[in-house]
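Respectively, the protein sequence lines represent chains X and L. If you use our numbering, the first sequence corresponds to residues 1 to 115, in order. If you use our numbering, the second sequence corresponds to residues 1 to 111, in order.
What the hints contain is simulated information worked out from the structure, not anything from laboratory work. What you are looking at is a predicted structure, and each value in this text was computed from that prediction instead of being measured. All C-beta atoms, glycine included, are put in the ideal place defined by N, C-alpha and C. Certain hints may be false.
What the hints assert, rightly or not - Only some residues are given here: those of chain X computed to face chain L with a beta carbon under 7 Å:
id	residue
1	Gly42
2	Leu43
3	Phe45
4	Arg55
5	Phe60
6	Gly107
Claimed, not checked - Computed list of lysine-lysine pairs in DSS-like fashion (alpha-carbon distance at most 30 Å, straight line):
id	chain 1	residue 1	chain 2	residue 2
7	L	Lys69	X	Lys57
8	X	Lys13	L	Lys69
9	L	Lys49	L	Lys69
Unchecked claim - Partial list, derived from the structure: chain L residues whose beta carbon lies under 8 Å from chain X:
id	residue
10	Tyr39
11	Leu44
12	Phe101
13	Gly104
14	Thr108
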Amino acid sequence: KAGVTQTPRYLIKTRGQQVTLSCSPISGHRSVSWYQQTPGQGLQFLFEYFSETQRNKGNFPGRFSGRQFSNSRSEMNVSTLELGDSALYLCASSPGTGKLYTEAFFGQGTRLTVV
Amino acid sequence: AQSVTQLGSHVSVSEGALVLLRCNYSSSVPPYLFWYVQYPNQGLQLLLKYTTGATLVKGINGFEAEFKKSETSFHLTKPSAHMSDAAEYFCAVVTGNQFYFGTGTSLTVIP
């Protein structure tokens, strides 16, 4: 059974650009969540998607957005990049029903560097 | 609001010594509790979790944790540290649809 796949693993972008990150969940999982990890702020929740609908959203500016496709793959987009957006972005895959996070698995992350 | 406190951002132990990483949580409802390990530039790997039932939870790589409701704690232990245990450890609580993570504890194992 394949794990959670995040692409790309590494990205370097320039301030002001936009970026799209991808997360393919475990087969059969319908929930995908995104987290930002920085040395200063730790792991912070961005948003969660279930069956193509955003169910929950963290406290991030509107520059951060996401979507989920019918095959449960999810993308997150960050527009007008700032230096402070440099982080490891992690996605978590879970079945999404019942005890939601008792079966959550994380991907390897995408390391975004903004220069 | 949920929160997780990990006491000690850095812990050093000698190889073969007891590992104890502390985690306290606040939750208004019965929580799901997790410990994850992270190696450099890697994702989070689940060590163990508590959902319901037995309060002493055994995980991978010889780790275990005990849920103590009266102390709102979920401390992680391992009887004998190995060099390969050197990593960052995160305690997390789940309520609703999201994880709330602690700030992490970096474990150093001294040969």
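A quick look at each hint next to the structure:
1. Using the Cβ-Cβ criterion of 7 Å, the hint placing X/Gly42 at the interface with chain L is satisfied: the shortest such distance is roughly 5 Å.
2. Using the Cβ-Cβ criterion of 7 Å, the hint placing X/Leu43 at the interface with chain L is satisfied: the shortest such distance is roughly 4 Å.
3. The interface hint given for X/Phe45 holds, since its Cβ lies 5 Å from the closest Cβ of chain L, which is under the 7 Å cut-off.
4. The interface hint given for X/Arg55 is met, as the beta carbon of that residue sits about 6 Å from the closest beta carbon of chain L, less than 7 Å.
5. Interface restraint check: X/Phe60 against chain L, minimum CB-CB distance 13 Å, threshold 7 Å, status violated.
6. Here the hint on X/Gly107 is kept, as its CB sits about 5 Å from the closest CB of chain L, short of 7 Å.
7. Between the alpha carbons of L/Lys69 and X/Lys57 the distance comes to roughly 29 Å, so the proposed pair stays at or under 30 Å and holds.
8. Only pairs whose Cα atoms come within 30 Å are accepted, and X/Lys13 paired with L/Lys69 is rejected, the gap being roughly 46 Å.
9. Of the supplied pair hints, the one linking L/Lys49 and L/Lys69 holds, its CA atoms being roughly 15 Å apart against a limit of 30 Å.
10. For L/Tyr39, the interface hint is violated, since its Cβ never comes within 8 Å of a Cβ in chain X; the closest pair sits about 10 Å apart.
11. At a threshold of 8 Å, the smallest CB-CB gap from L/Leu44 to chain X is about 4 Å, leaving the interface hint in force.
12. Look at L/Phe101: its Cβ gets to within about 4 Å of chain X, closer than 8 Å, so that hint holds up.
13. With 8 Å as the threshold, the beta carbon of L/Gly104 comes within range of chain X, its nearest partner Cβ sitting at about 6 Å, so the hint holds.
14. Residue-level restraint check for L/Thr108 is violated (minimum Cβ-Cβ distance to chain X is 17 Å; threshold 8 Å).
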